[in-house]
Amino acid sequence: MAIEWDEEKIAGFREKLRQTKALPTLPGIVSKLTQMVEDPSVSADRIGRVIAKDQILAAKLLKLVNSAFYGFPGRISTVSSAVILLGFNVVRSLVLSASIFEAMEKTVVGLWEHSLGCAAIANVIARRLSINDPEEISTAALLHDIGKVVIRENLAEEAAVLDEAILGENISLYEAEQRILKINHTQVGQRLCRHWNLPDRLAEPIAYHHEPKKSANHYVSTAIVHVADVLVRARGFGFGGDKWVPALDHNAWAALTLREDDLPGLIAEAEEVLVELRGFSFEIQNLGEKCPPAIES
Amino acid sequence: MPARHRVLIIGKGDKPGKEQEYLFDAKGYQIISSPTFKKAMDTIFNDPPDLILVMADMQDKVELEMLQAVKGGIYCAHIPFIIALSREAISTGIEWEQYPVDDFISKPIDYTELFARMSLCFERMQRVFDNNPLTRLPGNTSILKTIQAALDAGEEVAIGYVDIDNFKPYNDRYGFSRGDEVIRMVAMLLTNILRETDTRKVFAGHVGGDDFSFMVPSDRATQVCEKIISSFDALVKNLVDKDDLKRNCFVARDRQGNEQHFPLPSLSIAVVSNHNNRFRHYGEVAEAATQIKKHLKSMEGSNYLIDRRKPPE
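Chains as they are written, first to last, in our numbering: chain A, 53 to 349; chain B, 136 to 448.
Extracted from the complex, chain B is given alone in its bound form (with noise of 0.2 Å):
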């Protein structure tokens, strides 16, 4: 059984009775009580809990400083805080900007409405701390979630990683606003052609920087791949200046200061096929792709692999 979710509910206020504890409990949650914020902090710091459900109406500046301060930090911010308003409050409008928590729940407590609310607030904070701000497409969590999933299920899909040649002189050549475009553009050309290729499971990740992945059915990986190549092949001239196209390359300088040309941007696209049940865990997946990959880079211009090796026996 997975850890219990710990809650950690802040004021006396409708502070749950006996019955509702059991209903946390029934639900997995264990509740941890706490007067006041001010008493709450150390809790909230040194062993901080899933959830936070502040049952108080926050009337004191300090307190509201306090949400603040945690909210505002990189450690706890992923901590769901949920607050009970009156009625009254509601209706006389609350300054949402002020108080930084990610749902609300109106009193008296309905308590069935509260789990489902908790219950999205884990999903929403998951979805929103994975999801890259640049793509919003899901990030490693999700990619691992999705892949294991599929290889646990046995299917016979293709994992395939994308990565942007040449994008490091390209983003020191153009600067960094139009290295973002090079990478939203890839962001949306690989979802759109996964769409538009398989009504069955697909997916699209990712994993940070220049790096994506992707997941189709095994017999539709050459079909996808040729066609995410010559997509961006043709999109890239787009965002590429009018000389350095001429050129068909650009100058910019490398790591040691040297002036050297570069190729365009090019993408390289590793891929491994589930084939026979290959694969057990998404470590093997990931290691299988970095091999294909260093080969892959090696290659002028834009390239795919797709390793269909069986299991050794």
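Excised from the complex, chain A in its bound form (with noise of 0.2 Å):
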């Protein structure tokens, strides 16, 4: 292993994790949202919509409103209640501060994707299950593998590393992370529901979507984020990481009281939110290579 990590360099990272304040995002949503927040007539409603398809934004949103300053602490789970507590000139100030990422790497457009169908599944399952707030856990499936994020952006050297351990030796990411980082994504999901004071509700599912059994409070949505990570892997949408699917558990499909042939259904209903994603992220996709490359701020 090229690279050996002691005591000393995880605590490095963990500061490093502490300080993260600007996750860059596609370029495609950054003038997406650009284009929106310069034309007077589009709510802060459309807009917020379009911030809850974007696990970075939608995260620095939350982060936001859950921060000490504004007064909520722990409390606010949505996209659309943030964007509702901030207001349009504020939502407006972090579109437009927006970082982008330099290139629009295959991994990042597929890592998206993947949260992206990963929230629409578990909505359709929270849906069909008829759970008080869908629009709580399709954010906690968008921001999932938050994590992931993190590590590729803070640690670029050592994500080559992982990609490099799961082709040679045959390994999930999640493998390649725990033995050559000693710290998975979900954990470093965890840390960042910490610092951000995000709500429980959010980060119970981050932390444990590969352990539902973890999840003391907020089972249900933990197993339906867990469940959705499966559907969307096996269903091929998206990149998660590795071309593996994670193995489902089998407590957690059992708490959603869902039959066998109640998956046809569901299946069905979710591939034409499916299809409907697929048309955004052309779309997206199509935004980001007109955009002039590489503007950080």
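Treat the hints as calculated values from the structure; they're not laboratory data.
Warning: the hint list may mix true and false statements.
As the list claims (entries may be wrong) - One side only, chain B facing chain A, incomplete, derived with CB under 8 Å:
| id | residue |
| --- | --- |
| 1 | Arg319 |
| 2 | Ala369 |
| 3 | Leu370 |
| 4 | Asn373 |
To be verified - Using 27 Å as the maximum straight-line C-alpha spacing, the simulated DSSO-like pairs for lysine-lysine come out as follows:
| id | chain 1 | residue 1 | chain 2 | residue 2 |
| --- | --- | --- | --- | --- |
| 5 | B | Lys303 | B | Lys336 |
| 6 | A | Lys266 | B | Lys428 |
| 7 | A | Lys158 | A | Lys68 |
| 8 | B | Lys372 | A | Lys266 |
| 9 | B | Lys147 | B | Lys162 |
| 10 | B | Lys377 | A | Lys265 |
| 11 | B | Lys362 | A | Lys115 |
| 12 | A | Lys68 | A | Lys234 |
| 13 | B | Lys432 | B | Lys372 |
| 14 | B | Lys377 | A | Lys115 |
| 15 | B | Lys429 | B | Lys303 |
| 16 | B | Lys372 | B | Lys280 |
| 17 | B | Lys162 | B | Lys242 |
| 18 | B | Lys429 | B | Lys280 |
| 19 | A | Lys266 | B | Lys242 |
| 20 | A | Lys295 | A | Lys265 |
| 21 | B | Lys147 | B | Lys206 |
| 22 | B | Lys303 | B | Lys196 |
| 23 | B | Lys428 | B | Lys303 |
| 24 | B | Lys372 | A | Lys265 |
| 25 | B | Lys280 | B | Lys428 |
| 26 | B | Lys174 | B | Lys242 |
| 27 | B | Lys280 | B | Lys147 |
| 28 | B | Lys303 | B | Lys242 |
| 29 | B | Lys173 | B | Lys206 |
| 30 | B | Lys381 | A | Lys265 |
| 31 | B | Lys372 | A | Lys115 |
Note that CB positions come from ideal geometry on N, CA and C, so glycine has one too.
Relying on the hints, combine the two individually framed chains into one complex.
Here you go:
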């Protein structure tokens, strides 16, 4: 292994993580939103709906509204609530100040599509189960792999080693992270949630989407995100970082009280949403290509 | 003509001469002078001035204590204090936490600047004392002034009174700091929605407690009310515990100590419209709104009602 992680290096990474402020967003999303915020006839709701399709901007918005300054630490769990509370002007400044990924790497777009697909499927499941706040579960699903983005952004060199290990040793990204970094993306996500005062209703599904049984207070939400993650991987929508489909936790599946013959209906419904997202993804990638490269703010 | 502002000048220092006194007079200020802080005390407590200008460098510890006593009490804390300082005193640094003054001016005094600072002081004190400390929204004085000004101008405005249903039991159940969150939430969504709905004259104020007031052009009233209510109902889910949310109500004790089930917090918005210049003064607006509110309060969940009645013939 090219990179050996000792205590000191891990401590250094954790400090970096604590200070993580600006994560870049896809250029296409940034240009779409920039067009929208400059059009006075566009409502905050519509902007909120586009922000809810980007895990980085959604995380930023939730981080801001849950900071002590705005006075709702650990309370606000949906993008639409954050948009209402922060107001158009704050959301607009946030969008205009968003930095973008220098290049639209395939892996970055893939991970974004994976998160988007997971959010959509989680929403379909939550609605089928008549859960009170399906938007909250989609938000958790949208953010479930935020740890992967943070690792890629902060540890470019190590990320390359992870990719090598996945291909060379035929292991999953999760295993590679564990072995090489001694910390995996779910733990990174959990730490981020804590630093950003995100509510437990989001933090638990993010932290335990690979091991739903560890979720103490929001088991159903965590189970939904877990199942949605497995389904979107099995469907082959987006790219979660490796070619494997994570193992399904049978207790989590049982907790959803879905029967096997519910699956075809569920999949058909999810498929419709995914086709729509495919279109959105093409639009965003086209916008990204048209946008001038590498604007860093 | 409004009553003249009375300005108490303490200290002999560079007391204004005859010429400056005319200037004060022309600006509508009446001067009262006192050579020392000790001698000024009587005036301050018995016949409080509107503003105090301290000319002398305050070397004396007792004087400083007196200043602190005046600004520390409830009754005189609102009187703006301006202190005149020598360049030397400014450059050596002032321990501002010891000097509870509102502004300073450097000696020798430039009177044009002093008058500008004095009027800024009055404005600022008005704002500081009127704004609600929790939400930073303007309070009663500003609400009254804004609405009266619109009525005087004959504008077609709608004036809304918002209050939170079941706020008291929510506060009792979850504690006052979470009660504050609900109030701050209403304040934020009100200001955001009003600002986003119309670029014409809009206003949001905090009457106090769980009561708010707003003003919008009449033709936007329905849109604003619907948006406020749908936003509130979506947001309030974030502020209620999971179990209560599942039950869709919470258990708290009423004023008699009996266990009672309360619905989750919702909003009532009573709106009156100044259609055809129906109102002449603010009191009529408040009275009309109170009647509607009584009706709204008997309804379940979040509701609004816009009163478009014409004035009685």
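Would you check the hint for Lys429 of chain B and Lys303 of chain B, treating anything up to 27 Å between C-alpha atoms as holding?
Given that 27 Å is the threshold and the Cα spacing comes to 17 Å, the pair holds.
Verify the proposed pairing of Lys266 of chain A with Lys428 of chain B, using a straight-line Cα cut of 27 Å.
49 Å, violated
Can the restraint linking Lys303 of chain B and Lys336 of chain B be considered satisfied, given a maximum Cα separation of 27 Å?
33 Å, violated
Minimum beta-carbon distance criterion (8 Å), Leu370 of chain B to chain A
5 Å, holds
Hint check: Lys68 of chain A vs Lys234 of chain A, CA-CA at most 27 Å. Holds or violated?
Holds. Lys68 of chain A to Lys234 of chain A sits at ~16 Å (cutoff 27 Å).
Agreement of Lys372 of chain B and Lys115 of chain A with the hint, judged by alpha carbon distance not exceeding 27 Å
The hint holds at about 18 Å.
When you check the alpha-carbon spacing of Lys266 of chain A and Lys242 of chain B, does it fall within 27 Å?
Measuring from Cα to Cα gives roughly 69 Å; hence the hint is violated.
Check the hint pairing Lys173 of chain B with Lys206 of chain B against an upper bound of 27 Å on the C-alpha distance.
15 Å, holds
If you draw a straight line from the CA of Lys428 of chain B to the CA of Lys303 of chain B, is it 27 Å or shorter?
17 Å, holds
Does the structure keep Lys372 of chain B and Lys280 of chain B at a Cα separation of 27 Å or less?
Violated, because 35 Å separates the two Cα atoms, which is more than 27 Å.
Can we keep the Ala369 of chain B interface hint, with Cβ of chain A closer than 8 Å?
Because about 6 Å separates Ala369 of chain B from the closest Cβ in chain A, which is inside the 8 Å limit, the hint holds.
Hint check: Lys303 of chain B vs Lys242 of chain B, CA-CA at most 27 Å. Holds or violated?
Given pair Lys303 of chain B, Lys242 of chain B is violated - Cα atoms ~54 Å apart, limit 27 Å.
Figure legend: structure checked against the earlier numbered hints; hints not met, in rising order: 5, 6, 16, 19, 22, 27 and 28.
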